[in-house]
Every structure is written in structure tokens, then in C-alpha cells.
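Number of protein chains: 2
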Amino acid sequence: MPEGQARTVFFISDGTGITAETLGHSLLTQFEGIRFRQVRIPFVSSLAQARDCLTQIQEAARRDGIRPIVITTLMDPNIGKLLQGADALFLDFFETFIVPLEDELGAKSSHTIGRSHGQASSQDYTNRIEAVNFTLAHDDGASDRNLDKAEVILVGVSRSGKTPTSLYLAMQFGIRAANYPLIPEDFERKKLPEVLYRHRDKLYGLTITPERLHQIRTERRPDSKYASLANCRFEVQEAQKLMEREGVRWMDSTTKSIEEIAATIMQEVKLDRHVF
Amino acid sequence: MPEGQARTVFFISDGTGITAETLGHSLLTQFEGIRFRQVRIPFVSSLAQARDCLTQIQEAARRDGIRPIVITTLMDPNIGKLLQGADALFLDFFETFIVPLEDELGAKSSHTIGRSHGQASSQDYTNRIEAVNFTLAHDDGASDRNLDKAEVILVGVSRSGKTPTSLYLAMQFGIRAANYPLIPEDFERKKLPEVLYRHRDKLYGLTITPERLHQIRTERRPDSKYASLANCRFEVQEAQKLMEREGVRWMDSTTKSIEEIAATIMQEVKLDRHVF
Numbered sequence: 000m001p002e003g004q005a006r007t008v009f010f011i012s013d014g015t016g017i018t019a020e021t022l023g024h025s026l027l028t029q030f031e032g033i034r035f036r037q038v039r040i041p042f043v044s045s046l047a048q049a050r051d052c053l054t055q056i057q058e059a060a061r062r063d064g065i066r067p068i069v070i071t072t073l074m075d076p077n078i079g080k081l082l083q084g085a086d087a088l089f090l091d092f093f094e095t096f097i098v099p100l101e102d103e104l105g106a107k108s109s110h111t112i113g114r115s116h117g118q119a120s121s122q123d124y125t126n127r128i129e130a131v132n133f134t135l136a137h138d139d140g141a142s143d144r145n146l147d148k149a150e151v152i153l154v155g156v157s158r159s160g161k162t163p164t165s166l167y168l169a170m171q172f173g174i175r176a177a178n179y180p181l182i183p184e185d186f187e188r189k190k191l192p193e194v195l196y197r198h199r200d201k202l203y204g205l206t207i208t209p210e211r212l213h214q215i216r217t218e219r220r221p222d223s224k225y226a227s228l229a230n231c232r233f234e235v236q237e238a239q240k241l242m243e244r245e246g247v248r249w250m251d252s253t254t255k256s257i258e259e260i261a262a263t264i265m266q267e268v269k270l271d272r273h274v275f
Numbered sequence: 000m001p002e003g004q005a006r007t008v009f010f011i012s013d014g015t016g017i018t019a020e021t022l023g024h025s026l027l028t029q030f031e032g033i034r035f036r037q038v039r040i041p042f043v044s045s046l047a048q049a050r051d052c053l054t055q056i057q058e059a060a061r062r063d064g065i066r067p068i069v070i071t072t073l074m075d076p077n078i079g080k081l082l083q084g085a086d087a088l089f090l091d092f093f094e095t096f097i098v099p100l101e102d103e104l105g106a107k108s109s110h111t112i113g114r115s116h117g118q119a120s121s122q123d124y125t126n127r128i129e130a131v132n133f134t135l136a137h138d139d140g141a142s143d144r145n146l147d148k149a150e151v152i153l154v155g156v157s158r159s160g161k162t163p164t165s166l167y168l169a170m171q172f173g174i175r176a177a178n179y180p181l182i183p184e185d186f187e188r189k190k191l192p193e194v195l196y197r198h199r200d201k202l203y204g205l206t207i208t209p210e211r212l213h214q215i216r217t218e219r220r221p222d223s224k225y226a227s228l229a230n231c232r233f234e235v236q237e238a239q240k241l242m243e244r245e246g247v248r249w250m251d252s253t254t255k256s257i258e259e260i261a262a263t264i265m266q267e268v269k270l271d272r273h274v275f
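Chains as they are written, first to last, in numbering that gives the first Met the number 0: chain A, 0 to 275; chain B, 0 to 275.
Honestly, the hints are just simulated from the structure, not real lab data.
Treat each hint with caution, since some may be false.
It does not matter which identical chain is used: a pair holds within one copy or between any two.
What the hints assert, rightly or not - In silico SDA-like links for lysine to any residue, alpha-carbon gap of 20 Å or less: (1) Lys148 x Arg199; (2) Lys269 x Ile40; (3) Lys80 x Ser223; (4) Lys80 x Ser157.
Please work from the sequences and hints to get the whole structure.
So, in C-alpha cells, the structure goes:
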């Protein structure tokens, strides 16, 4: 392989390929010196489509001068067999684990016996849509109605990451996540917004460093008092004092990914996912 | 194992465990007759925490009368080694593929040489937050400003799934996805909303069966004209005619999961993910 050239990696799935790509990407990032050209091919459900993939794999091998890596999640073993005609390193995230699971459980998988379950259940879909709608209706303290139906209520100063985190919880896990801002009036009164007291056990706080908050707010409202570093310092400090005084659990979101923030909240508030 | 008893499955990760759980769950759903008790343990980052997991695994084995299944994504090999002291079926989604990849690439992974990259890059975080903010600002035709910055604009009748799909595209892939409703006035004029014409190549339509739409709308506004089956039939039919006339690509979302809808749009509009 000529120096500096990328190695081609195919993500091939008979479903969306989202899981294959997410896990595959986290494996590839472990190899820092190597450049990868990543090609995503979802919804490969016929042998004709599989043959087209085969052609693409072989073309990549010829062009790169080295065999590609093919990462797959395939329910249909016939498509897998066909693809394996190409010269490539094959890693199948599904097949690899189905066999040891069948042995351990002493049972055949639906996959093996020829049934496919690629599609999410309609209950999953409904749970997720309802959670997203709930979260949108209860974003930024927009409504106090039905707050008793929230599974968690995120609190924090403006731009501390409440909205994206709430939406991620709703979308990924089907959690009904409301969020409520902590504003200067709350710091003056040294009290949480009144409506939150009866939902205290569901509160979870997000905080952020004043420097990062200043940066984020400046992008939205440059040169405002709202965005000034002094004001960000004041608000963050007051919010943290308030949460400590009121016994609200909280975490610093500054250096965390949304997945990490969400998984931490799930663990600490003891929430169960409603969607897979 | 006494009949009807569940087999315990642990998802253990030194990160969020979200990938492990998603892939693991799709493997388990292949075994229909078997009940699983699923235990999620994320953020296992110390040997003390690993020892606590070990105890939980052994307790489950004793209680169930059969060894548990332990599904892991572990960056730290020391934690993996410690866990393997328990009597369980171990499936590590990470370790299993790192070794063949190292062989193929002729390189050691950062994992092997002792560095960890569990945390998402701050660029990923920023892309995602910006996409979510963009999508919220351009939900349901809320703003025509900056529509030229949208990567895709979903169109469809009210409650055809535009909002959750846009948010999923933004959250999961960092795509700036706007959405715009098609309303009875558009059907009368037999034209798309005027502002959309200059963004025609970015339009993608969602449609839904009238029966399902009727059901969804009835939950929100029971016994309204808006929710009536006759009106749903009319709107869906007119929206489809309008999209066909204007050459807007579209799909029926009725029996699809959000992942499937989003992955289809990514493929058809040729969008690349900005977030992993």
C-alpha cells in the first residue's frame, strides 16, 4: 500500500448498519497512525445487492493494492456467504457471537432457523415518539403540566446542556425527560423554582465550567452581560450552591459526551431504558 | 435452571456501555423462547469496581443455578482479566475484533499499548449540539432563516414523523435537519410552500398510512376534523400527489423504526455523518 493512502473499510448491513458503524468506528480509532476510507452500505437485502457490494470490495482492493476490511451485521447467512467470496478481512459482529450463544443456551437462534427480526417493534417506536414529544413539551420549563409523568427533570443554568441531554434520553432510551432552567431570580430567592419541590427526587443538575459557558453563550449573544465571563462565573457558582443546599445530585458536563452524560444520569437516577 | 426462570445477562463496560447493550440486545432477541434478566453496569473503571461486578456475577450464578452471560466492551485489559475469574460465558465486543485487526493492519492498537480513547472528541460534541440547536430552530417550519444551511429538509403532513426523525438525524449523525409541514393551504394551491423551491434538492418527504395517522392524531385531538379518517385520507393523498408532481423523493414511515427512516434518508440524500 503506497504511503499515506487510506485503507478501505466497508460497513455492510442488511439493516441500518448503525450499530456496525458505531462499534466499528470505535475499533478503528484505536489505530491512530492509519487512515481509513469508510464506505457505508445499509439495507443490503438481496443477492443482487450483495453482488454489487462484492464488486465494490474488489475494486477497492485493486485500487488500494491491499485487501479491504469488511465489517458486517448480517441476519441473512446467504448474503454473508456470497460476500465472503471477496478477498477481504471479514468481521461480522453478529455471526461471531450467535454461535457461542446458541451453544451456551442450547437453542437455535431465529436467525439460524431463517426468521428475521430486523425491524424495531412498534411498541419501541411509540415509546420513543411519546418520550420525544413529552421532552419537547417540557423543554426549558415550557410547561409545568404533567411534570409528575417525567422520569427525570434536568436543572441547570441556560446553555448547560439540558436540552440536548433531555432529547438524547428520550430518543435513545425512551425516557420522559423534562428540563427546567435555573435563572438569576432563583439565585436571589436562594430557592429552586417552586414547582420543582414536589418532584425533588427526580431532579438532576447539569453544570459546566464558567469558561466553557462563556464561550457557548458568546456564540449566541456576543458582548452581552448574559455571556460575560463574570456573569457566567456568578451563575455557575450560585447554581452549584443552590443544588448543594437543596440536595440535588449534579454532574459537570464540560468534558463529557452526551452518551456519557446520559448514561451517568440513567445510572444515578436508576432509570431503565424503554427502547432498544 | 428451573423452568420459567430468567437467565441473567450482564452488560459491563468501562464506558457508557450503550453500544454493548444495543448490539447485545439485538443478539438476545434472536432467542425467542428464553427470558433474560438484563443488568447494565457502565463506567467500570477501577479494579475495585470490577471486583464488585465479579461478586454480582457469582451471586447471579448461584441464584439462577446456571452461569450468567457477560457481554462487555472493555478498553482496559486488566479489568477484563479480573472479570474472567467468574464462571460465565464472556463475549467481549471489543477484544474479539481488536486482535484480528492488529494482525491485518500490522499495527498495535492504542488499547494494547495502554492508552484509552473512551471519550468522544469535543468536535463531535460541538457538531452534535449545533445540529440539535439548528433542528430545534427549524422544527415545523418555525424559521426560514438559514434554511440554506440545512443538509436536508423533511416535508410531510402534520404528525407524519418529521420532528423525531429530524432530531434523530441531528443527535445521532450531527446532520442539520430542518422540517416543514405540508398543510391544507398547500394542497389547495397545489404548490409547495414558496420558500422550499430554492432548496428543492434537499427536500425529502415522509408519508404514513391514513389509518395510522388517524390513530396518532386522535390521541392528540380526539373527535376533531383534523384527526378524522376522511381528513387524514385527504391530506395523505394530496401530500403524495404534490410530492410526486414536484419530484420530491419520499418514503412511507408507517412500519419503520426511526433508525431505518434515518438511515434511508442518509443513503438517498447522500448525507455523511459528522458524529460517531
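Hint check:
For the homomeric pair Lys148 and Arg199, the shortest alpha-carbon distance inside one copy (13 Å) is at most 20 Å, but the shortest distance between copies (40 Å) is not. In the homo-oligomer, the alpha carbons of Lys269 and Ile40 lie at most 20 Å apart only across protomers (11 Å), although the nearest pairing inside one protomer, at 37 Å, exceeds that limit. In this assembly of identical chains, Lys80 and Ser223 lie within 20 Å of each other by CA distance neither inside one copy nor across copies; the values are 62 Å within and 54 Å between. In this assembly of identical chains, Lys80 and Ser157 lie within 20 Å of each other by CA distance neither inside one copy nor across copies; the values are 53 Å within and 44 Å between.
The structure fails to meet hints 3, 4 from the earlier list, while all remaining hints are met.
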